[in-house]
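Visitor: In order, the protein sequence lines correspond to chains A and B.
Under numbering that gives the first Met the number 0, the first residue of the first sequence is numbered 0, with each subsequent residue one higher.
Under numbering that gives the first Met the number 0, the first residue of the second sequence is numbered 0, with each subsequent residue one higher.
Keep in mind that the hints are not guaranteed to be accurate.
Okay, the calculated bits of chain A under chain B, using three or more residues with CB under 8 Å as the criterion [to be verified]:
1) 49 to 57
2) 63 to 75
3) 249 to 263
Derived from the structure by calculation, the hints contain no laboratory data.
No residue lacks a Cβ here, since even glycine has one placed at the ideal position from N, Cα and C.
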Amino acid sequence: MAEKKSTRIAYGEALAKLGAVDQNVLVCDADLAHATMTASFADKYPDRFYNFGIAEGNMMTASAAMAQCGYTVFCSTFAVFGAGRAFEQVRNAICYSKANVKLGCSHAGPSCGEDGGSHQAVEDISLMRTLPNMTVLVPADAVEMEKAVFAAAKFQGPVYIRTGRLPTDICTAEDTPFEIGKANVLRDGKDVAIIACGIMVPQALLAAETLAEKGVSARVIDMHTIKPLDEAAVLAAAKDCGAIMTAEEHTIIGGLGSAVAEVLAEKQQNVPFERVGIMDKFGQSGKPPVLFEAYGLTDKAVLAACERVLARK
Amino acid sequence: MDQKLQLKARQYRRDVLDMLYACQSGHPGGSLSCIEILQALYENVLRYDPKNPKWPERDRLVLSKGHACPSLYAILADKGFFPKEELKNLRQYGSMLQGHPDMNKCPGVDASTGSLGQGTSWALGYALIGKRPGHQFNVYCVTGDGESQEGMVWESAMAAAHYHLDNLTILLDCNGLQIDGTNDQVMGLGDICAKYAAFGWETITVDGHDVDAITEALKRPSAGKPRFICCKTVKGKGVSFMENQVGWHGKPINQEQYEAAIRELEV
């Protein structure tokens, strides 16, 4: 794997690239430009950047109005504030009016580390997934993040993009396709399928490698779009592999695992199934690797879940 | 005040009562208190085109107190944004006239409001765009006194002054009442003009049922900062038994009340 890079850095760089080719892009932040990395855009295009101060609700609703004038508005803060604190503004101003606002929300999950549980959004995917008109993207790495930003800009309507603080492994290639709602099979396999998003995708690939050494063939699906979910990819995984597990840096309630479970249940796919994620808990301060161990967000946790579903086949 | 406008105001009030009586729900008190504020805007100030409601350079009107939308609908219909026939469909399934304004359903509605306290932020966003190169429009926001208790209103007030938005005007429908009682009983607003002034706004106080006075305040030369007009109004204005009554915030109107109200408002 190539060097590590955080998805928030990639997000900021992508915005700066986008700003060069699309004059219609405006970027908003709430006093976190140097953390969400919208500063990369603000430095180049100060006349198209708006800082709202520490006032996320106001920023969300104002962004909806700006977008309704024909602009593509990227709006950034921490995930815990964008999806949580300003939820009702995202609901009523952005989603209800179908405003062309893209939320790029950072510091999601325990990977944000030392700031602790107050800042580690573990529920943002779930919250955003429930909103009508909202599309939810959780890119796997920095390379995929840039593609996600450009795809979101091209897409008409509200999009939530989850970004992370921690530099993480690059697991997709420059030529890996990116289409909203279309999962990427990063490694094919026939015995078990690991459906992952965000920084759990590289962990899934590590687990698949270990499984291969044991003679088990695992399919790794990068489910970068949580909504609309690529149901065909889930059903194909159930049919081809006969055992499925999901992996996300997020509560197991309402996120990727739930979305996949809904498809499996409704389509009567009676396959062994498990969710790896945060078990209905808040995070806490600590170095990210320590937190990953503590909360079961490692390749070993993925491997163990794979072995359990395989045993149930 | 122009007699034609006064007659028109009575007609709008009858329209509001017709709508609310027909749907047996909705908010009479706060709809009746903001009629003249909307008249001043639509008769004398706003630049708009009913044949091209999405005209990009139109002035924007955000009805932050979205529950007062029957008054806005009556005026939009009168100005030709949609046929007056539509008014009878208020709050009905499939109607463009939702219980709170939906900008994607109703022509002439510039913001989907109803969640109180958000309108000032909608207006802020529009005003920021109105100041961008290539644009030159003004933004007006009609708010309620009760909703000024929302913290977000003050986030937007701070931002409007920060960005020197002299293209933005807030008109407060200051009728003194909210659902659970008077403002002072529920959560006193204190000296709201002083609060806006402290946030860096120009403030003016007018009789909110005097179209000429509201218009004069709206047309004053710019002071180089956002403008706050405190319009002193009477909740339920025009219907004697609804005036200044907390209970008429959101209550269905029965036949007897409807007929009595219409009699008072007949020309």
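Visitor: Go check the segment 49 to 57 of chain A versus chain B for me, would you? Three or more residues, Cβ under 8 Å, otherwise it fails.
Guide: holds (count 6)
Visitor: Taking a Cβ-Cβ distance under 8 Å as contact, does the segment 249 to 263 of chain A have three or more residues in contact with chain B?
Guide: violated (count 0)
Visitor: Closer than 8 Å, Cβ to Cβ, for at least three residues: run that test on the segment 63 to 75 of chain A against chain B and report holds or violated.
Guide: Three-residue rule met by the segment 63 to 75 of chain A, so holds; n is 7.
The structure fails hint 3 only (numbered hints given earlier).
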